[in-house]
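K.L.:
Read off the chains here:
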Amino acid sequence: MPSDSPALPSSFRDPSGFLFERDGCLYRQVNKRYRDDYDLLFSSGLYKVLTERGLLVPHAEADVSPPDPDPAYKVIRPELVPFISYPYEWCFSQLKEAALATLKIQKTAFEHGMSLKDASAFNIQFVNGRPLLVDTLSFEKLQLKPWIAYRQFCQHFLNPLLLAAYKDFHLNQLSRIFIDGIPMSLASRLLPSRTRLRPGIATHVHLHALSQKYFSKKIVKARERQVRPVSLAGLVESLDSLVRKLNLGLKKTEWAQYYQETNYSPEGFERKKRIVEEFLDVAKPGTVWDLGANTGVFSRLASRRGIRTVAFDVDFVAVEVNYRECLKNKEKNLLPLVMDLTNPSPAIGWENRERKSLEERGPADAALALALVHHLAISNNLPLPKIAEYFSRICRWLVVEFVPKADSQVQRLLATREDIFDRYTQADLEEEFSRSFQVVRVAPVEGTERTLYLMKNRSSL
Amino acid sequence: MKVIFRLSAVLVAVLFFFPLRGYSYIDLGSGSYIIQLIIAGFVGFSLSLRIFWKKIKSRLSKKKAKTDETPDAE
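As given, the protein sequences belong to chains A and B, one line each in that order. For the first sequence, our numbering gives the first residue as 1, with consecutive numbering after it. For the second sequence, our numbering gives the first residue as 462, with consecutive numbering after it.
Quick caveat, the hints were computed from the structure, so don't treat them as lab data. The beta-carbon is built from N, C-alpha and C at its ideal position, and this holds for glycine as well. Each hint should be verified, as a subset may be incorrect.
[To be verified] Derived, one-sided and incomplete: chain A residues facing chain B with beta-carbon distance under 10 Å:
| hint | residue |
| --- | --- |
| 1 | 16 |
| 2 | 207 |
| 3 | 232 |
| 4 | 238 |
| 5 | 434 |
| 6 | 436 |
[What the hints assert, rightly or not] Mimicking DSBU-like on lysine-lysine, the simulated pairs with C-alpha atoms at most 30 Å apart in a straight line are:
| hint | chain 1 | residue 1 | chain 2 | residue 2 |
| --- | --- | --- | --- | --- |
| 7 | A | 104 | B | 515 |
| 8 | B | 525 | A | 145 |
| 9 | B | 515 | A | 107 |
| 10 | B | 524 | A | 245 |
| 11 | A | 104 | B | 518 |
| 12 | A | 245 | B | 515 |
| 13 | A | 167 | A | 48 |
| 14 | A | 284 | A | 245 |
| 15 | B | 516 | A | 104 |
| 16 | B | 518 | A | 245 |
| 17 | B | 523 | A | 145 |
| 18 | A | 107 | B | 518 |
Produce the complete structure using the sequences and hints provided.
P.N.:
Pasting the structure below:
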């Protein structure tokens, strides 16, 4: 049973304060125990520098009554993040950018006499295409002690990056199981033996794991040991140089090549783009989710119209290609994310409420489901009524493409299996989707056998 | 290097003006604590050497520049 705390389910670990919602607005209560550090954040000039550099979420002090008045010092109103994403939904470069941003914030904090007291990847969000620290209460006064967030940084950032770079990029999904990051012992066991010869990895991961094992049942009375400033800076520099050198060798996958391998002409492709643009102009959405976005060609039709767009794809490499394109073009309205729609991100963490499911982060004003339904229906045996029902829970408008069995892409899916899909016809799609949606426009894509539909959700989400 | 000099100056100031206390809500863990002390000690030592070497180099180059300048001055 959920607790009675006024705090949002994701905000309970740090006694410095908590997030809460009131009248549809998001606020953060700052507690008295955090007063000195909160004041130092401003008097040291750190808040100004970090917000100007786009590394920390800006906020305004709010004149609203705190929900828990006794420990309250202040209430602040942070700028809203358009879409909350989680580390297990990021591609390699997004995680790397988030890690480097965290280290940059730590270096800047050092220069202002402060330090990060946590280094959780969940504290980083992508806003306007760049990583941003969204927890204003993450700083404390700098002391000559070991960095308290060192282990958390290694588990949340370093381990998944190393596993992706040296083993397999799919291992990023481990972050979904281990909510406080991938354990040192597991990362050490999974990484190839050759990484033991690399000084950075040997120390920060392998020796770190050994040290944890050795001291796991021992009481260490060295808590008051001081660390020299040069050593603290050196530690962060060492992590920074290790992370900066990591790279993901891109492989040519079936999906990343998808647009080059379409079975219709460039003219047909352009026509499809024009129809989608026309549909967007009718629906005028404020937010778009492109489901099965591949490298984001159609997502950009929305994002370039100034629409906040999230481009989901199951293929890690397609999302990587998409994000690199975003970085190259400094795109602000497009957020590529890894998402398997047949198993979308669930709600996880304490009480299964700490991190939201995909559906809880919706609905989107509009969803694009282009060249997607045949994959769900035929590759994943999902009946059309189930697909329509799920779509009706996550979007107000829907642009959906029907690809008939005669299409060579569907033929490819059917090549190695028995065709048990009697209920996969255009008439079936229209009938099943019409239960939840009202068909507003129908547009056959000339030069192909495909049809695009613009549909409006019958229920008001 | 600039960061380290600045950090040293800031730390001295912070430690002088503010009393030490801690409210950490996450646990670093003994193993992570010890390995961090070792790594930090090692990288700190190598950074100190680099700073020291840089200073020597800059002094030598200043001396060299002075001796190079002398004939021109005449």
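K.L.:
Determine for every hint whether it applies to the structure shown.
P.N.:
Consistency of the hints with the structure:
no.: 1; hint: 16; verdict: 7 Å, holds
no.: 2; hint: 207; verdict: 6 Å, holds
no.: 3; hint: 232; verdict: 7 Å, holds
no.: 4; hint: 238; verdict: 5 Å, holds
no.: 5; hint: 434; verdict: 52 Å, violated
no.: 6; hint: 436; verdict: 45 Å, violated
no.: 7; hint: A:104 x B:515; verdict: 24 Å, holds
no.: 8; hint: B:525 x A:145; verdict: 42 Å, violated
no.: 9; hint: B:515 x A:107; verdict: 22 Å, holds
no.: 10; hint: B:524 x A:245; verdict: 38 Å, violated
no.: 11; hint: A:104 x B:518; verdict: 29 Å, holds
no.: 12; hint: A:245 x B:515; verdict: 25 Å, holds
no.: 13; hint: A:167 x A:48; verdict: 40 Å, violated
no.: 14; hint: A:284 x A:245; verdict: 43 Å, violated
no.: 15; hint: B:516 x A:104; verdict: 26 Å, holds
no.: 16; hint: B:518 x A:245; verdict: 28 Å, holds
no.: 17; hint: B:523 x A:145; verdict: 37 Å, violated
no.: 18; hint: A:107 x B:518; verdict: 26 Å, holds
The structure fails to meet hints 5, 6, 8, 10, 13, 14 and 17 from the earlier list, while all remaining hints are met.
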